[in-house]
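Undergrad: Here is what each chain is made of, one letter per residue.
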Amino acid sequence: MVHVCTIVPISLTVGANRIIPAVAIPHPLGDPTKTPVEEKIIRRKLVDKALKALQTEISEQTVFSE
Amino acid sequence: MSFRVVHYINQFFAGIGGEDKADVPPELRQGVVGPGQALAAALGSEAQVVATVICGDGYFAENLEKATADILQMIRSCNPDAVVAGPAFNAGRYGTAAGAVCAAVSKELGIPAVTGMYPENPGVDMFRKSAVIAKTADSARGMKDAVPAMARLVLKLLRKEELGSPEAEGYLEQGLRKNFFTDVTGAERAVEMLVNKLAGKPFVTEYPMPVFDRVAPNPPLKDLANATIALVTSGGICPKGNPDHIEASSATKYGEYGLEEFDLLTASSHETAHGGYDPTYANNDPNRVLPVDVMREMEKEGVFKKLYGKFFTTVGNGTPVANAKRFGAEIAAKLKKDGVDAVILTST
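Each protein sequence line maps, in turn, to chains A and B. The opening position of the first sequence corresponds to residue 1 in this note's numbering, with each subsequent residue numbered one higher. The opening position of the second sequence corresponds to residue 67 in this note's numbering, with each subsequent residue numbered one higher.
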């Protein structure tokens, strides 16, 4: 499981192991200030990152910020 | 001369607004605001609330470092003897902010800082070691007990009196151990505890074990192209009309809903049931919380084999940990049974 969320410290506290920092609390996988096309690119990048994290070997809680 | 106290509260208790105003940046006001009135009364003549710092919970959570620095600057400018934050009850972001402010105040200004939270507030685990946290009820209904408890603690600290045990003083354990002298040896105390335990009688351990809820990381997904991926969210996305009436806060249930017929979620097909964030963005485009559009696209491109035919959803807003644990276990069992290989969990 990979956790896509904005408040990373809470995710770390509750014990998620693979963490992807997201955009903002009310729209973790979107950005209403962008055009719909740009927004979808942002979302695609985050999901891509999440899928990469799922395929990454880890030994402890890991925040995939890059 | 009385002590000078600065009070930290969020936008809600300041009367600025609810979630729609959660993005307001820090602001300094002279005197008391909102619950500050009760705090001033509880402090009596020994201390006065000279100023109030207000910050939106959302703003704080999304700008941790800047918000902490700006708030610290405002507090410093008031030249206080102590800071009181909250009480935050079971509000997660408020608790996190109040805890962070207290931790920064103790560290940077070296003056007492006291907050108040419900023991399950996520801010407790993050800041229990660096802040004195009065134990409160889970909602503002507990205000009349919380404020005097916080006032009592901060006055004690201002008088430079030593705090007694967490149980005696009504604050949450900080993970500290204190040495003391006793006539009874460790061996005798241990045997006494054991005898009580065997007899089914109560006993108090001298060395409580920490409660860590940790699982070892799962091995990585090996074959993405052949994987079935499921979407799960605590962001409250549900079919329009919230057919199962998932609660806007303190959820007692989760929902499972079909995704087969959707290439994307729209404002007319889905909405959020969540009462803890401004729902405008999620209601206008639910893919912002549950990325069905992108997942469907990637499925068609063959990035992975299949988007699992259902999604699971609940509202993570003051939800008791025990409930969340049960939801998680049940959802995981269902996903496992249906051969799902991996899960993307999104949270707001």
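These are calculated hints, taken from the structure and not from any lab test. Warning: the hint list may mix true and false statements.
[Said to hold, decoys possible] Reference listing, derived: stretches of chain B covered by chain A, where coverage requires no fewer than 3 residues with Cβ under 8 Å from a Cβ of chain A: (1) 124-134; (2) 158-166; (3) 187-194; (4) 246-257; (5) 361-367.
We treat Cβ as the ideally placed atom computed from N, Cα and C, and that holds for glycine.
Undergrad: Quick one: see if chain A covers the stretch 361-367 of chain B, three-plus residues with Cβ-Cβ under 8 Å.
TA: holds (count 3)
Undergrad: Verify this for me: three or more residues of the stretch 187-194 of chain B with a beta carbon less than 8 Å from a beta carbon of chain A.
TA: holds (count 3)
Undergrad: Are 3 or more residues of the stretch 158-166 of chain B near chain A, judged by a Cβ distance of less than 8 Å?
TA: Coverage by chain A holds for the stretch 158-166 of chain B (3 residues, Cβ < 8 Å).
Undergrad: Quick check: the stretch 124-134 of chain B, covered by chain A? Criterion 3+ residues, Cβ under 8 Å.
TA: holds (count 4)
Undergrad: Are there at least three residues in the stretch 246-257 of chain B whose beta carbon sits under 8 Å from a beta carbon of chain A?
TA: This one is violated; 0 residues, fewer than the three required, reach chain A with a Cβ under 8 Å.
The structure fails to meet hint 4 from the earlier list, while all remaining hints are met.
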